[in-house]
Amino acid sequence: MNTATTVLKSTQGTTISPRLAKNFRRNIKERLIEILLMLCALSAVFTTVAIVAILVYESFAFFEFVSIVDFLTDNQWTPLFEDAHYGIMPLVSGTLTISFVALAFAVPVGTIAAIYLSEFASHKTRETVKPILELLAGVPTIAFGYFALLLVTPLLQMVFPELPTFNMLGPGIVIGIMVVPYIASVSEDAMRAVPMSMREGSYAMGATRFQTAMRVVTPAAISGIIAAYILAISRAIGETMVVAIAAGQQPNLTFNPMDSAATITAYIVQVAMGDLPHGSIGYQSIFAAGLVLMLMTLFFNVLGHFTRKKFREAY
Amino acid sequence: MSDQKVASSLKDIDSVRTMIKRAKFNDHLFGMIGLLCITLILITLLILFMDLVIDGFPQLTNWDFYSNFPSRRAARAGLLSALVGSSLVMLVTFVSAVPIGVGAAIYLEEYAPKNWFTEIIEVNVTNLAAVPSIIYGLLALGLFVYTFDFGNSILTAGLTLGLLILPIVIVATRESIRAIPVAIREAAYAVGATKGQVVGQHVVKYSAGGILTGVIIGMARAIGETAPVITIGALTFIAFLPEAPISTTPPFLNFEWLTSSFTVLPIQMFSWLSRPSSAFHVNAAAAGAIIILVTLLMNAVAIKMRYNIRKKIKWQ
Numbered sequence: 001m002n003t004a005t006t007v008l009k010s011t012q013g014t015t016i017s018p019r020l021a022k023n024f025r026r027n028i029k030e031r032l033i034e035i036l037l038m039l040c041a042l043s044a045v046f047t048t049v050a051i052v053a054i055l056v057y058e059s060f061a062f063f064e065f066v067s068i069v070d071f072l073t074d075n076q077w078t079p080l081f082e083d084a085h086y087g088i089m090p091l092v093s094g095t096l097t098i099s100f101v102a103l104a105f106a107v108p109v110g111t112i113a114a115i116y117l118s119e120f121a122s123h124k125t126r127e128t129v130k131p132i133l134e135l136l137a138g139v140p141t142i143a144f145g146y147f148a149l150l151l152v153t154p155l156l157q158m159v160f161p162e163l164p165t166f167n168m169l170g171p172g173i174v175i176g177i178m179v180v181p182y183i184a185s186v187s188e189d190a191m192r193a194v195p196m197s198m199r200e201g202s203y204a205m206g207a208t209r210f211q212t213a214m215r216v217v218t219p220a221a222i223s224g225i226i227a228a229y230i231l232a233i234s235r236a237i238g239e240t241m242v243v244a245i246a247a248g249q250q251p252n253l254t255f256n257p258m259d260s261a262a263t264i265t266a267y268i269v270q271v272a273m274g275d276l277p278h279g280s281i282g283y284q285s286i287f288a289a290g291l292v293l294m295l296m297t298l299f300f301n302v303l304g305h306f307t308r309k310k311f312r313e314a315y
Numbered sequence: 001m002s003d004q005k006v007a008s009s010l011k012d013i014d015s016v017r018t019m020i021k022r023a024k025f026n027d028h029l030f031g032m033i034g035l036l037c038i039t040l041i042l043i044t045l046l047i048l049f050m051d052l053v054i055d056g057f058p059q060l061t062n063w064d065f066y067s068n069f070p071s072r073r074a075a076r077a078g079l080l081s082a083l084v085g086s087s088l089v090m091l092v093t094f095v096s097a098v099p100i101g102v103g104a105a106i107y108l109e110e111y112a113p114k115n116w117f118t119e120i121i122e123v124n125v126t127n128l129a130a131v132p133s134i135i136y137g138l139l140a141l142g143l144f145v146y147t148f149d150f151g152n153s154i155l156t157a158g159l160t161l162g163l164l165i166l167p168i169v170i171v172a173t174r175e176s177i178r179a180i181p182v183a184i185r186e187a188a189y190a191v192g193a194t195k196g197q198v199v200g201q202h203v204v205k206y207s208a209g210g211i212l213t214g215v216i217i218g219m220a221r222a223i224g225e226t227a228p229v230i231t232i233g234a235l236t237f238i239a240f241l242p243e244a245p246i247s248t249t250p251p252f253l254n255f256e257w258l259t260s261s262f263t264v265l266p267i268q269m270f271s272w273l274s275r276p277s278s279a280f281h282v283n284a285a286a287a288g289a290i291i292i293l294v295t296l297l298m299n300a301v302a303i304k305m306r307y308n309i310r311k312k313i314k315w316q
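Heads up: the sequence lines are chains A and X, in that order. Okay, so the first sequence: first residue is 1 according to the numbering used here, each after it adds one. Okay, so the second sequence: first residue is 1 according to the numbering used here, each after it adds one.
The set of hints was computed from the structure by calculation and includes no laboratory data. Even for Gly, the Cβ is constructed at its ideal location relative to N, Cα and C. There may be inaccurate statements among the hints.
[Said to hold, decoys possible] Computed footprint of chain A on chain X; a stretch qualifies when at least three of its residues, placed anywhere within it, have a C-beta under 8 Å from a C-beta of chain A:
| id | segment |
| --- | --- |
| 1 | 136-142 |
| 2 | 216-227 |
[What the hints assert, rightly or not] Subject to a maximum C-alpha distance of 25 Å in a straight line, what follows is the list of computed PhoX-like cross-link-like pairs (lysine-lysine):
| id | chain 1 | residue 1 | chain 2 | residue 2 |
| --- | --- | --- | --- | --- |
| 3 | X | Lys-195 | A | Lys-22 |
| 4 | A | Lys-310 | X | Lys-114 |
| 5 | X | Lys-205 | X | Lys-195 |
| 6 | X | Lys-21 | X | Lys-5 |
| 7 | A | Lys-124 | X | Lys-24 |
| 8 | X | Lys-205 | X | Lys-311 |
| 9 | X | Lys-311 | A | Lys-124 |
| 10 | X | Lys-205 | A | Lys-29 |
| 11 | A | Lys-309 | X | Lys-114 |
| 12 | X | Lys-304 | A | Lys-124 |
| 13 | X | Lys-195 | X | Lys-114 |
| 14 | A | Lys-29 | X | Lys-114 |
| 15 | X | Lys-24 | X | Lys-11 |
| 16 | X | Lys-205 | X | Lys-304 |
| 17 | X | Lys-311 | A | Lys-130 |
| 18 | X | Lys-21 | X | Lys-11 |
| 19 | X | Lys-304 | A | Lys-130 |
| 20 | X | Lys-195 | A | Lys-29 |
Using the sequences plus the hints, can you model the full thing?
Rendered as structure tokens:
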């Protein structure tokens, strides 16, 4: 009691202004911290704006030289040759073909792996396999490029002797291997989000694990699974090193995976490896190609986002 | 009459039994296929790594490989400039991405009001994570190389990779901040801490493990990333080292290395791999084995840490 009153007295005795001054300094400091942190967060917005601005600005210069109609309809892409053609279609066809091969491999394998992990595997297996899938997702793409050129393609050539050294099949399969962990882990998350009571209902009716997985869990989780596929397409489209190494770098308007072809990403790498002067049409062409790539991946990302949001079933 | 009924129900039971048998067979069959798929994935990872190690074995065990500069002769070519280049680029990436990423995450979790402005930032972070890495290369080419005139230097590469891993750091930090219960914050406020003190002395401190996990995964990604660094015009044939960042004479630190041209491990591997001669492919395999080893180790440490953190910390 006594001590409390002395404390009170002493606080009353001191003048109040230094405390206010301290508060003021403290408030300023707090505001500064907040502003600094906000600037950090804004860096994400700046990055997006900068990406769009750079791509659009350089592409604008490109389209002053090349008409958009030519860009979309010409079936040759030879910006670095004497007889220059600027038709993006050969690059788009290469990109889509490789993505298709990749998905044709990754969708079945990834989905089966996801169903197995979510519905069949024991707790212990799941806890061992999931981290390894994460590990596989962390392997640098350049290593997969080596794999495509010097292991998968020679193996495929044993089956198809007429397959050229540079082709779209090998890199397509390897990109498929790369996106399997992604499809598997995203789909598995979606399946695990399906409530246990739905499975129990199914089991109570005498269904097997397979029947439960196919007729109850998969339909309930379908939005998440399809979103995983769509996001995997977006990844396959943006993949660079595997195709730059193993698909050959000749733009080629074909949808036959046995041919060699260039993708949008491979073209950008090819030009960047050379020494093109800043401001030349070849330099601007990689930004136009980059813009097309950005729009394609953006389309699939947005589509994937909405699939997941729109068809999500609420339990 | 009743005999017929019995006969038909027996038939029904038989058909039900075959149905159950078929269903059980399918169940087992799918179990096998699933196991096969998982094994296939795991074996692929193993083959990939073993293939690189076996192909690159002669160079991996050759000490000169680590201390030689690139050369026109495959047997004498080495990784020295790429090793130094990768380390310095990673230094810039770390210094640029970690403070900004952690700061952004703290803002979004602790400070940001719920409004359209915050929404825009969040959508941006999500989108950036899905932008193909080569687009970051184009951004850096237009912005850092030509607009800011940094040239194809270590600084440009480090900043580019820093932007690339920013979303990874932000997402990981946000997740680990979110795991800290409100009670911790309330306790700190209750004894008179300011918001800055709550965040700095409690929230960041307790989520440090999770943040570190995200940083390690991000750095592992940056080490193996090739496409954006090629796009900014990294050279493949570097036969010198940048100026050492630390010296024994005052002023002890110098920053000339930031503007030096450079090469990194994945680019060195790419340039060896693009040569037709198979002697260079041995070098490429050895470089690949080193890259994979480093990234796998970093990822393994991070994943292990994450599991440990989840197990250890129980807030209730």
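Next on the checklist: Check the hint pairing X/Lys-24 with X/Lys-11 against an upper bound of 25 Å on the C-alpha distance.
Outcome noted: holds (20 Å)
Checklist entry - Is the Cα-Cα distance between X/Lys-205 and X/Lys-304 25 Å or less? => result holds (20 Å)
Checklist entry - With a cut-off of 8 Å between beta carbons, are at least three residues of the segment 216-227 of chain X near chain A? => result Three-residue rule met by the segment 216-227 of chain X, so holds; n is 8.
Item to check | X/Lys-195 paired with A/Lys-29 [C-alpha distance capped at 25 Å] | outcome: Holds, because 10 Å separates the two Cα atoms, which is no more than 25 Å.
Checklist entry - Do three or more residues from the segment 136-142 of chain X put their C-beta atoms closer than 8 Å to C-beta atoms of chain A? => result Coverage by chain A holds for the segment 136-142 of chain X (6 residues, Cβ < 8 Å).
Next on the checklist: Hint check: X/Lys-205 vs X/Lys-311, CA-CA at most 25 Å. Holds or violated?
Outcome noted: Holds, because 18 Å separates the two Cα atoms, which is no more than 25 Å.
Next on the checklist: Would the hint linking X/Lys-195 and X/Lys-114 be met if the CA-CA limit is 25 Å?
Outcome noted: holds (17 Å)
Checklist entry - For the pair supplied as a hint, X/Lys-311 and A/Lys-130, is the alpha-carbon distance within the 25 Å limit? => result Given that 25 Å is the threshold and the Cα spacing comes to 16 Å, the pair holds.
Checklist entry - Are the Cα atoms of X/Lys-21 and X/Lys-11 separated by 25 Å or less? => result holds (15 Å)
Checklist entry - Keeping to a limit of 25 Å between CA atoms, is the pair of A/Lys-29 and X/Lys-114 held or broken? => result holds (23 Å)
Item to check | Hint consistency between A/Lys-124 and X/Lys-24 [alpha-carbon to alpha-carbon, up to 25 Å] | outcome: holds (23 Å)
Item to check | Hint consistency between X/Lys-205 and X/Lys-195 [alpha-carbon to alpha-carbon, up to 25 Å] | outcome: Status holds; Cα separation ~14 Å.
Hint compliance for this structure: no hint is broken.
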